[in-house]
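J.: Residues per chain are reported as follows:
2 protein chains.
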Amino acid sequence: MSRKASLSGFHEWLPAERIVEHHVLDTLRTTFELHGFSSIETRAVETLGQLLRKGEIDKEVYAVSRLQADAGQDGGKAQDASDPNRLALHFDLTVPFARYVVENAGHLNFPFRRYQIQKVWRGERPQEGRAREFTQADIDVVGDGALPFRYDVDVALVMAEALGALPIGDFTIRINNRKLAEGFYLGLGLQDTAGVLRNIDKLEKIGAAEVSRLLQAELGATEEQAAQALALASIRTEDTSFVQQVRALGVSHALLDEGLEELAAVVGELHRRAPGRAVADLSIARGLDYYTGTVYETVLTGHEQLGSICSGGRYDALAAKGNRTFPGVGLSIGVTRLMMRMFSQQMAEASRSVPTAVYVALTHDDDWSAAQDTAGALRSRGIPTEVAVSAEKFGKQIKYADKRGIPFVWFTRTDDDGRAVHEVKDIRSGEQAEADPATWMPPETDLRARVLEN
Amino acid sequence: MSRKASLSGFHEWLPAERIVEHHVLDTLRTTFELHGFSSIETRAVETLGQLLRKGEIDKEVYAVSRLQADAGQDGGKAQDASDPNRLALHFDLTVPFARYVVENAGHLNFPFRRYQIQKVWRGERPQEGRAREFTQADIDVVGDGALPFRYDVDVALVMAEALGALPIGDFTIRINNRKLAEGFYLGLGLQDTAGVLRNIDKLEKIGAAEVSRLLQAELGATEEQAAQALALASIRTEDTSFVQQVRALGVSHALLDEGLEELAAVVGELHRRAPGRAVADLSIARGLDYYTGTVYETVLTGHEQLGSICSGGRYDALAAKGNRTFPGVGLSIGVTRLMMRMFSQQMAEASRSVPTAVYVALTHDDDWSAAQDTAGALRSRGIPTEVAVSAEKFGKQIKYADKRGIPFVWFTRTDDDGRAVHEVKDIRSGEQAEADPATWMPPETDLRARVLEN
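Respectively, the protein sequence lines represent chains W and F.
Using my numbering, you'd call the opening residue of the first sequence number 1 and step up by one each time.
Using my numbering, you'd call the opening residue of the second sequence number 1 and step up by one each time.
No lab work stands behind these hints, which were simulated from the structure alone.
The reader is advised that the hints may include incorrect statements.
All copies of an identical chain are treated as equivalent in the list; a pair is satisfied when it fits inside any one copy or across any two copies.
[Claimed, not checked] Taking lysine to aspartate or glutamate pairs in the DMTMM-like style, the calculated list, with each CA pair at most 25 Å apart, reads:
no.: 1; residue 1: Lys321; residue 2: Asp366
no.: 2; residue 1: Lys399; residue 2: Asp144
no.: 3; residue 1: Lys119; residue 2: Asp257
no.: 4; residue 1: Lys119; residue 2: Glu133
no.: 5; residue 1: Lys321; residue 2: Glu431
no.: 6; residue 1: Lys321; residue 2: Glu444
no.: 7; residue 1: Lys119; residue 2: Glu304
no.: 8; residue 1: Lys119; residue 2: Glu12
no.: 9; residue 1: Lys119; residue 2: Glu103
no.: 10; residue 1: Lys119; residue 2: Asp92
no.: 11; residue 1: Lys4; residue 2: Glu210
Work the whole structure out from these sequences, hints included.
T.: Given below as structure tokens:
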């Protein structure tokens, strides 16, 4: 991570860093599959019409066109920046998933549980130090027409378990509910609920006094209404006691009741099952995203300024096909953002830079084929093994292993009776002992490159 | 695969197909890591200057530009199709790997063994039915200055093992050596060896008579020289007997000797270790690629018209940095091409469409949290488990599992003493028996979705 990307915003990992990333992605995949989520991948490109469908022009998009077409062979048609059929790289996995669901609705079983781990691209300004290419790991459950609320609890439990299995220390999933906030504002007499949310979303940036001023100046709220909206946003509890705190503010509305009940269900179950992992945080607004109920974001303890590493929420209509709607709820982990922090803060590292556990040394150059037999015997038991290509001095062969962090070097010599004698050396301790390629196993901790949490 | 891609050339798999693809990718990864190959990923974009460095203008490239820049904010600079700094999607993994090696040479240990499994993009004409986005799986070994020849044998052995572990039936790795062919042509008195290779490469398409005519017309070969070049190209042996057949043609040249020795080493070792998997095929030319020694291609038995599914070779200079060169040897599997054939010919399928092995049914709606305890106990032993979200009729809950191919449904009821009684039903046989969530295991064959070879 001390290396500078040769193309601003496009990070590439060294082999040892990639081992850590692979571990993170494998852990996520394993957890998602244990909870019955199916893997899908969507193509990297969507049409501009699809990508900008929800008016998300704030996300800078990378347009894609065939170079030959640019050169005029397609009559320059593809050059029109506003052509909705023009192709562009996806900037998240939600829009492509919605399109996939609509296209394949006849082939999918609903509710459909899917996870998707892929790269996305955004043409962010490089000076902000943001990644332009990064990996996201999403889970969503999508229903056909209806999707029971319980999935809002389910996906949060899955993510709490997935994040808890990563070498990233403590984290807090902050949860709110749009219905709760909107019902509260309506109960207060503030009709422009989106306007209130937009201003509450600025709370951390500009402070309570300025938000109060904006609510009064822009939305015509009274000082009392603004104070109430701010009081709601200040509520934070690890259990369901937020319900009483909201009730104590004396506002009532049917939508508020619904939101309170939903948020209590999510937070209550998380508190029971993953204590300390989640809070009801009534300041969470999730910006301009089109959520309609539960909203989630996640901060790493001690790295709060990194922003949310895992966000999401409930959509009443993730996708639509004619008058058929597909509601959904899900969360998305910003894997690359997490990796960059893990490396810059040295939160975790690989136990070695290669998968290899055993390096088979050569005594004579023409032992190579026999050494492959030894390696094959080890590999058949899942032991990653490399074979030297020439019979250099043993010291040099050991150095090959040492530089890569390979823990064991295997030597074979012929005894006086012409029989092969195998010995394996732990190059960390220097211990060397006879071993049988058909049965020898390294300690479990040396079998694979491991990820060590610092 | 009966579905048509909504964007021509961009294929997306259904969840059950993705299980097969995941199995293929996992198998490749496992094999590559068992042989000590490190995983890397490179960014999806390269500069045009990098991509077209070797003059590969035949590969149609997708250019990438920020939409905002297109709209004129960057002064339209990015629009120049010939600007070498313009970004484009990579069309293979070799060019990006070469750039990665040069950029990170100070952080890598050479010889560097890496595998890379990523998508690549080519703006091929859609009417040819080719994929425009597809996954490649590459292995390469790259040296700093020199790379012992033995790696040419090594990578072929690894790929033979990797392909042999896939549900694709029989295949043949066809191997040749550029030095052998070029030495032979030089020994014959034909100086334009690239010209001869280019014509020999057309053999399958246009036939021996036409190649002979072209060699005489274009390269000034005598009828005898053309006949000799064609005789060389007709040699095919599973073992090293090709050496005698070449010698019998009576041509001699130092480069020919070197090529014969190298090819004999590769084919001999493969014949010993993976009999039937490889042939010396002296017609293989690998088109215009810049190989300098061993060349490989691979056909699936019974699917020869599909073309090569795994190709590669040796480069004297995979990359260069000043006067430092990095020779390399490697092979690349066209995974998407393979998957398309596997699906269209129904060569393999997933045993179910979801990872889930057990579906925990609900007797009452408020059993959900207790059902999560049951599911958690099963998941802790690696059993993928889903929980119903509402206590619908058991028939409906069983149907949920049945539609997805989930083999087991779990029922919990309370006995007369108020104790929970757990039963698990195999919905294929209808057998139902008491089970303990803390100890029950499904048969090994039901634990995960498997891939069945047809």
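J.: State whether the alpha carbon distance between lysine 321 and aspartate 366 is at most 25 Å within one copy, between copies, both, or neither.
T.: neither (67 Å within a copy, 34 Å between copies)
J.: Check lysine 321 against glutamate 444 for me: Cα-Cα at most 25 Å, and say if that holds within a copy, between copies, both or neither.
T.: Result: close neither inside a copy nor across copies, 52 Å intra and 41 Å inter.
J.: From the Cα coordinates, with 25 Å as the cut-off, is the pair lysine 119 and aspartate 92 best called within, between, both, or neither?
T.: Classified as both: same-chain Cα gap 8 Å, cross-chain 17 Å, threshold 25 Å.
J.: Taking 25 Å as the upper bound on the Cα-Cα distance, should lysine 399 and aspartate 144 be classified as within, between, both, or neither?
T.: between (60 Å within a copy, 16 Å between copies)
J.: Reference check for the pair lysine 119 and aspartate 257, CA-CA at most 25 Å: within, between, both, or neither?
T.: Neither. Shortest intra-copy (39 Å) and inter-copy (48 Å) distances fail the 25 Å Cα cut-off.
J.: Have a look at lysine 119 and glutamate 12 and pick one of within, between, both or neither, based on CA distance no larger than 25 Å.
T.: Classified as both: same-chain Cα gap 12 Å, cross-chain 15 Å, threshold 25 Å.
J.: Taking 25 Å as the upper bound on the Cα-Cα distance, should lysine 119 and glutamate 133 be classified as within, between, both, or neither?
T.: both (7 Å within a copy, 14 Å between copies)
J.: My question is about lysine 321 and glutamate 431: at a cut-off of 25 Å on alpha-carbon distance, are they close within one copy, between copies, both, or neither?
T.: Intra 67 Å, inter 41 Å, cutoff 25 Å: neither.
J.: Treating 25 Å as the Cα threshold, decide for lysine 4 and glutamate 210: within, between, both or neither.
T.: neither (39 Å within a copy, 54 Å between copies)
J.: Give the relationship of lysine 119 and glutamate 304 under a CA distance limit of 25 Å: within one copy only, between copies only, both, or neither.
T.: Answer is within: at 24 Å inside a copy they meet the 25 Å cutoff, but 34 Å across does not.
J.: Using 25 Å as the alpha-carbon threshold, which applies to lysine 119 and glutamate 103: within, between, both, or neither?
T.: Answer is both: 21 Å inside a copy and 22 Å across each meet the 25 Å cutoff.
When each numbered hint is compared with the structure, violations occur for hints 1, 3, 5, 6 and 11.
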